[in-house]
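Each chain is listed here by its residues.
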Amino acid sequence: MTGGSTTGDDGATAPSSGPQEPRAAWPLWEVFVRSSRGLSHVHAGSLHAPDAEMAVRNARDLYTRRNEGVSLWVVPATAIITSDPYAKDQFFESPQGKDYRHATYYTKSEGVKHL
Amino acid sequence: MSEANASATRITPGNALRPEDIALLDTKPADAVAQYALWLGDDALILAQRLGWWISRAPELEEDVALANIALDQIGHARSFLTYAGRAWDRTEDDLAYFRREPEFRSVHLVEQPNGDFARTIARQFVVALYQWELYSRLVHSSDPTLAAIAAKAVKEVDYHRDHSIQWVLRLGQGTEESRRRMVAGLSLTWPYVEELFADHPLVDELGDAGVRPSSLREPFDAAVQAVLAEAELEVPQVPGSVGGGRLGRHSEHLGYILAELQVLAREYPGASW
Chain A
748 MTGGSTTGDD
758 GATAPSSGPQ
768 EPRAAWPLWE
778 VFVRSSRGLS
788 HVHAGSLHAP
798 DAEMAVRNAR
808 DLYTRRNEGV
818 SLWVVPATAI
828 ITSDPYAKDQ
838 FFESPQGKDY
848 RHATYYTKSE
858 GVKHL
Chain B
261 MSEANASATR
271 ITPGNALRPE
281 DIALLDTKPA
291 DAVAQYALWL
301 GDDALILAQR
311 LGWWISRAPE
321 LEEDVALANI
331 ALDQIGHARS
341 FLTYAGRAWD
351 RTEDDLAYFR
361 REPEFRSVHL
371 VEQPNGDFAR
381 TIARQFVVAL
391 YQWELYSRLV
401 HSSDPTLAAI
411 AAKAVKEVDY
421 HRDHSIQWVL
431 RLGQGTEESR
441 RRMVAGLSLT
451 WPYVEELFAD
461 HPLVDELGDA
471 GVRPSSLREP
481 FDAAVQAVLA
491 EAELEVPQVP
501 GSVGGGRLGR
511 HSEHLGYILA
521 ELQVLAREYP
531 GASW
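In order, the protein sequence lines correspond to chains A and B. Taken in order, the first sequence gives residues 748 to 862; the numbers are from the numbering used here. Taken in order, the second sequence gives residues 261 to 534; the numbers are from the numbering used here.
Hints are computed from structural coordinates only; laboratory data are not their basis. It is possible that part of the hints are untrue.
[As the list claims (entries may be wrong)] Here are some chain B residues pointing at chain A (derived, C-beta under 7 Å):
{"no.": "1", "residue": "S316"}
{"no.": "2", "residue": "E320"}
{"no.": "3", "residue": "E322"}
{"no.": "4", "residue": "V325"}
{"no.": "5", "residue": "A326"}
[Stated by the list, open to error] Beta-carbon label-pair distances, calculated as ranges:
{"no.": "6", "chain 1": "B", "residue 1": "W534", "chain 2": "A", "residue 2": "G785", "range": "49 to 59 Å"}
{"no.": "7", "chain 1": "A", "residue 1": "E800", "chain 2": "B", "residue 2": "E495", "range": "44 to 54 Å"}
{"no.": "8", "chain 1": "B", "residue 1": "E466", "chain 2": "A", "residue 2": "S782", "range": "40 to 50 Å"}
Where is the CB? At the ideal position from N, CA and C, for every residue including glycine.
Could you build all of it, start to finish, from the sequences and the hints given here?
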C-alpha cells in the first residue's frame, strides 16, 4: 500500500525511467446525435478517442447515456471544413436591402393563378 | 397521475425492475436463493468500489466516464441483488452493504484484486464481464422470477462492459510493445482468480433451477476468452489457480481495506444520507 490509498493502484505501476515524455493526446471527434426517428442528426459536442470504433463507444457513454438518441455519427474533427471566422462579414452579410432575394419582391404577372 | 410523475424521475427507463420495487415485493426468497443473491450482489458491489477508484485517474476523460459508468451499472446490480437477499432476513440493502463484516461477504477474490495499471484493470474487467455475461444470459431463465428480472436488466448492461473490455484487450494487445507487455502482465496477474468463478459449492445443489451452476459456464467462458485472445495474438496464461474461498467468506488481504473505505461513513454516522 502506498500513499495512504487503500483501494487503489498498489500493483503493477510502471517503473519510472527518467522524465516522462509528453503523451500524444487522442484525436478529436465531433459527435452528432439523432434523438428520434424522423429528425436529423444534431451536433452534440466533441470527444477524444484513439480510433473510430472507440469514438462511437465513447459517444454513446458521453452523449446518449440518458436515452437521448437512436443514432450516432462521429466525424474526425480534422475532416470538417469550416468557414473562416475572420471572413464572417463578407460570408454572412446582412440581407437587408436585398429584398430581391425574396419571392414577394416580384410582382405577380397578371393571369397567373395559384401563385 | 402521481405514478406518472414518479416514473419521470426514475433513473431506469421503461419497466425494468428497480431495487425500490424489489423492497416492496410480497414474496420472500428462500434462504438458498437469498444466499445466492448475496454472491452475485457482493461481486458487483466490490467490483464497483474498485472501479470507482479510477474516477479522475483514468488515462483520458472519456475512459474515466466509461469506467465510472460500468461501476454505476454494477452498483445498480448490487442494489437489486442485495435488496432481494435482504428480504429473506428483514434487512435492507444498506444493512447488508455497510454493516456486514468481512467474513460475511460472499464475493470472489477476483473482484477485490487491485486495479494496478490500466491494463490490469482491463484484464480483470475482461474476465468479470465475460463471466457475468455468460451467467446473466442464463439466469434470465431462472425459476425465481425476481432473479430472472434482475438478470434481464443486468445482461444488457454487462453486454456493453464485455464489449468495452474486449476492445481494450485487442488494442493493448496489438498496440505498442509497452501496451502489449502491460496487457500480458495484467492477464497473468488476473488469471489465478479465474478458477474460483466456476467452483460449484453445495449451495448450488439447493438452488435447483433458480440459479446457474457455475461449472456449466466454464466452457462457454473459455471459448469466448480464446476467441478474443487469439485475435489479440495473446495467450491464455498458464498459471495455477488461487486458493479461493470467497463464497465461504474467506477473503484475500485486500477486502478489509476496501470495506474500510466503503463502510466508514455509514458506520461513523449511522442513518446518514448523502
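Here's how the hints hold up against the structure:
1. Nearest Cβ of chain A to the Cβ of S316/B: about 11 Å, over the 7 Å cut. The hint is violated.
2. The closest approach between the C-beta of E320/B and any C-beta of chain A is roughly 6 Å, which is under the 7 Å cut-off, so the hint is satisfied.
3. At its closest, the beta carbon of E322/B sits 4 Å from a beta carbon of chain A; the interface hint therefore holds under the 7 Å criterion.
4. The restraint placing V325/B at the interface with chain A holds, with a minimum CB-CB distance near 5 Å, inside the 7 Å limit.
5. Taken as an interface hint, A326/B checks out: its beta carbon lies about 5 Å from the nearest beta carbon of chain A, inside 7 Å.
6. Taken as a hint, the range 49 to 59 Å is violated for the pair W534/B and G785/A, whose Cβ atoms sit roughly 42 Å apart.
7. Look at E800/A against E495/B: about 24 Å separates their beta carbons, and that is not inside 44 to 54 Å.
8. Here the CB-CB span from E466/B to S782/A is close to 48 Å, well matched to the stated 40 to 50 Å.
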